[in-house]
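Residue strings, one per chain:
Protein chains: 2
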Amino acid sequence: MSTRAGIVVTGTEVLSGRVTDRNGPWLSERLAERGIEVAHILVVGDRPADVLAALRFMAGEGLDLIVTSGGLGPTEDDLTAAVVGGFAGREMVLDSSLEGRIAEILRPLMARWEGLDPEAIMVSNRKQAVIPRGATVLEPVGTAPGLIVPPAEGREGPTVVVLPGPPGELQPMWDTAAETAAFRAAAGAAGDFESATVRMFGIPESEIAASLRDARAAGIDIDRMEITTCLRRGEIEVVTRYDRGQADLYRELAEHLRARHGDTIFSEDGSTVDEQVAALLDGPPQRTIAVGESCTGGLLAARLSAPAGASKRMLGGVVAYANSAKEEVVGVDPSVIERVGAVSVEVAEALADGAIERFGADVGVGITGVAGPDGGTPEKPVGTVCFSVALATGEHLTRRVHVPGDRRSVRDRSTTIAMHLVRRALRGDLEGSAVGEPAAEHRA
Amino acid sequence: MSTRAGIVVTGTEVLSGRVTDRNGPWLSERLAERGIEVAHILVVGDRPADVLAALRFMAGEGLDLIVTSGGLGPTEDDLTAAVVGGFAGREMVLDSSLEGRIAEILRPLMARWEGLDPEAIMVSNRKQAVIPRGATVLEPVGTAPGLIVPPAEGREGPTVVVLPGPPGELQPMWDTAAETAAFRAAAGAAGDFESATVRMFGIPESEIAASLRDARAAGIDIDRMEITTCLRRGEIEVVTRYDRGQADLYRELAEHLRARHGDTIFSEDGSTVDEQVAALLDGPPQRTIAVGESCTGGLLAARLSAPAGASKRMLGGVVAYANSAKEEVVGVDPSVIERVGAVSVEVAEALADGAIERFGADVGVGITGVAGPDGGTPEKPVGTVCFSVALATGEHLTRRVHVPGDRRSVRDRSTTIAMHLVRRALRGDLEGSAVGEPAAEHRA
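Quick note, the sequences are listed as chains A and B, same order. Going by this note's numbering, the final residue of the first sequence carries number 717, and the count climbs one at a time with no gaps. Going by this note's numbering, the final residue of the second sequence carries number 717, and the count climbs one at a time with no gaps.
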């Protein structure tokens, strides 16, 4: 039987919705990579009773491992270590050596801030050195140590891995935690699973549901695999988890999907469209890119410049929000805007051409549209977005698309559509079928 | 006693970490607005046993209300309605009138896609019309109906509000749900709570912890209120929830915080720095803004253009990633880059000036820095970022800051620092104390 785990994210600020949790999803992916099945992610406030209830629920579900994030800080509402100690039946003790190491970490930090009360800081941080007796200490990345807490001698129950809340501390500490003997003992012999991802763009999710039913009808025993489909920024992702012994079965399913949806499948190796665009630009031949964007307001430039090392391919962009900016900064002919309006395939092409010309790039992208909520007309309702990818040869790949959703969705999904058009243009596919509308959210 | 609620977010794609959940946080904020205390947010996969375990856990914790999101779609792994029906002790029945209404919704959608199998779609969507007998139906916003399911006659337990997963469907349906008699019966008479938020920029979180301890020592009975502090994109937020009868107590606390941290407090009315910058630009006097940004790659322009109606104040920006773009598109003097390097306060000022000049704006913002992971030097390590805000008068507010964290954090937090500098410059505070480093993540 495979190892099952739960994740407990503590923090009133996460529970209240004011802060988006990044740790639950990140830990879930890390556990899955080790073949450990995640059954639940539970977000709780900083109340000890609620944290304890979460741990007891997961123990009651028979989970082998619990990972917690948060509640290790210096403030009084940071109580995870004590609650986990009680849950595991272990007494809380001061680890003076750890206290000394935390003090060493704090010394340079304190020098950076003026007017701090050193006494207050020392009291706050002694608290961080009080740990369940017998726990494995994970050295602080920031100022908070992590812990691995197995049940006390003679007790049954899950081992708890206690990690700090800031992702910059939690992530490196996870790597350390996973190498400890205490973790390995709890994680046990995880199953021998493979996971494969097929990514598609330009079809509705209901089509995938139908294809899976047809696969079963055609005799492919898909119920022996765990298949999930999801919409992700306008793309559809089909993730299949299967026992390594079932590789032939997965190959049959992949073949079935390719036969039905071949032209919409853009990735079977886990790569994202962002990675594919970066690789295509890096060549050979190596090419540079620049952007002239309006309704996306900088999001496409931000997306192209997000990966480490982006500067070798990304020269820059103009966010031409005002019409005057389209004309004066990117060089769009004012008479074109006058004649067909700022939201038009003509202006999208002129923005793409202007990006090439202004930045001396090999590839230019233009986007202009109505993100809403205002500015829609009967001919160009909210969600109307025009895209163009220009190559230095003078060729264009240009589309007008109706993008569904609210302002935020229209802006975000438009960057996904642009990335797919750039990918196609870089692969030399300047004609072919229309990209069409992104997958509508049929799934509820 | 106040009403307590739990939120169950279903979806293997959320549990696995591939998709970020927006519904849990959103629902939590909506429940809090109604004075309903959220005890837990639980993310589960699409397995019926795990969804049922989540509902039973919350019932066992004595919660009055459970809100679920997701698992109402047409695919076979969408099982929430049936699980909730079983949990509430209610038989599942086909609502033929609802089936007909869903069919009406699907008709135009089907016409938009070519080559669909109408039969497959009808089978998929009949499933969506099978509901627990006696449940209140919430009409579909997309294709999936929502449900309010009280416990069956003679049973005890929480009422379950069943909502679809896509935020664009869930959010409008929530408003409908909250007006129904079934919801009101379950939510009961919620407490009479107030919530107040103090936002600060430029101090470490441990200082707030010390201030709260001092407040208690000074006789302010803070334990009669629920106070949470959190770091949010480099800002610190102190949120206090208190019974309306305790307003004087909260006023004492707010006065205490103001006395100690006055110059770092930028908001006490719930407003964000983004909203304050927008309001300051909208005037009087009305002013326009433009950006010349390098290491943030478009994120500042995207942030300024995010609100509805941004086009009246935001003219645009140049993402000057390559040095050639800084020179040719924004007009930075090449000899300056030659002399002091692209990451320098001089180039930040030139980018701000160039933004004003190129876009004809009243206010210009320049950002240049080392986002990493490569490109750092001993003098300018990764995280070194230079900012300048220029006014049309020729005045500047310019800072060099060391921003902590990885590439993603440096890019994101730099936009927060820039927003605070813009705010200060627009308020006419061009000198004063240095903005300093953003709050380090002391909290764990």
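None of these hints come from the bench; they were simulated from the model. Check the hints yourself; a few may be wrong.
[Unchecked claim] Below, computed lysine to aspartate or glutamate pairings styled on DMTMM-like, alpha-carbon distance capped at 20 angstroms:
| # | chain 1 | residue 1 | chain 2 | residue 2 |
| --- | --- | --- | --- | --- |
| 1 | B | Lys-653 | B | Asp-702 |
| 2 | B | Lys-400 | B | Asp-390 |
| 3 | A | Lys-400 | B | Asp-487 |
| 4 | B | Lys-585 | A | Glu-377 |
[What the hints assert, rightly or not] Some chain A residues close to chain B (C-beta under 8 angstroms, calculated; not the full set):
| # | residue |
| --- | --- |
| 5 | Glu-286 |
| 6 | Thr-293 |
| 7 | Phe-330 |
| 8 | Met-365 |
| 9 | Ser-369 |
Ideal Cβ positions, reconstructed from N, Cα and C, are used throughout, including at glycine.
### Task
Decide if the proposed pair is consistent with the structure: Lys-585 of chain B and Glu-377 of chain A, CA atoms, cutoff 20 angstroms inclusive.
violated, 51 angstroms
### Query
Taking only the CA atoms, is the gap from Lys-400 of chain A to Asp-487 of chain B under or equal to 20 angstroms?
holds, 17 angstroms
### Evaluation of the interface hint that places Phe-330 of chain A against chain B, nearest CB under 8 angstroms
holds, 5 angstroms
### Message
Restraint: Ser-369 of chain A near chain B, CB-CB cut 8 angstroms. Satisfied or not?
### Response
violated, 20 angstroms
#### Entry: Met-365 of chain A as an interface hint toward chain B, with CB separation required under 8 angstroms
violated, 17 angstroms
### Query
Hint check: is the beta carbon of Glu-286 of chain A less than 8 angstroms from a beta carbon of chain B?
holds, 3 angstroms
### Supplied contact hint for Thr-293 of chain A, tested at 8 angstroms Cβ to chain B
Thr-293 of chain A check passes; min Cβ-Cβ to chain B is 6 angstroms, inside 8 angstroms.
### Query
Is it true that the CA of Lys-400 of chain B sits at most 20 angstroms from the CA of Asp-390 of chain B?
holds, 16 angstroms
### Query
Given the hinted pair Lys-653 of chain B and Asp-702 of chain B, is their alpha-carbon gap at most 20 angstroms?
violated, 28 angstroms
When held up to the earlier numbered hints, the structure conflicts with 1, 4, 8 and 9 and fits the remainder.
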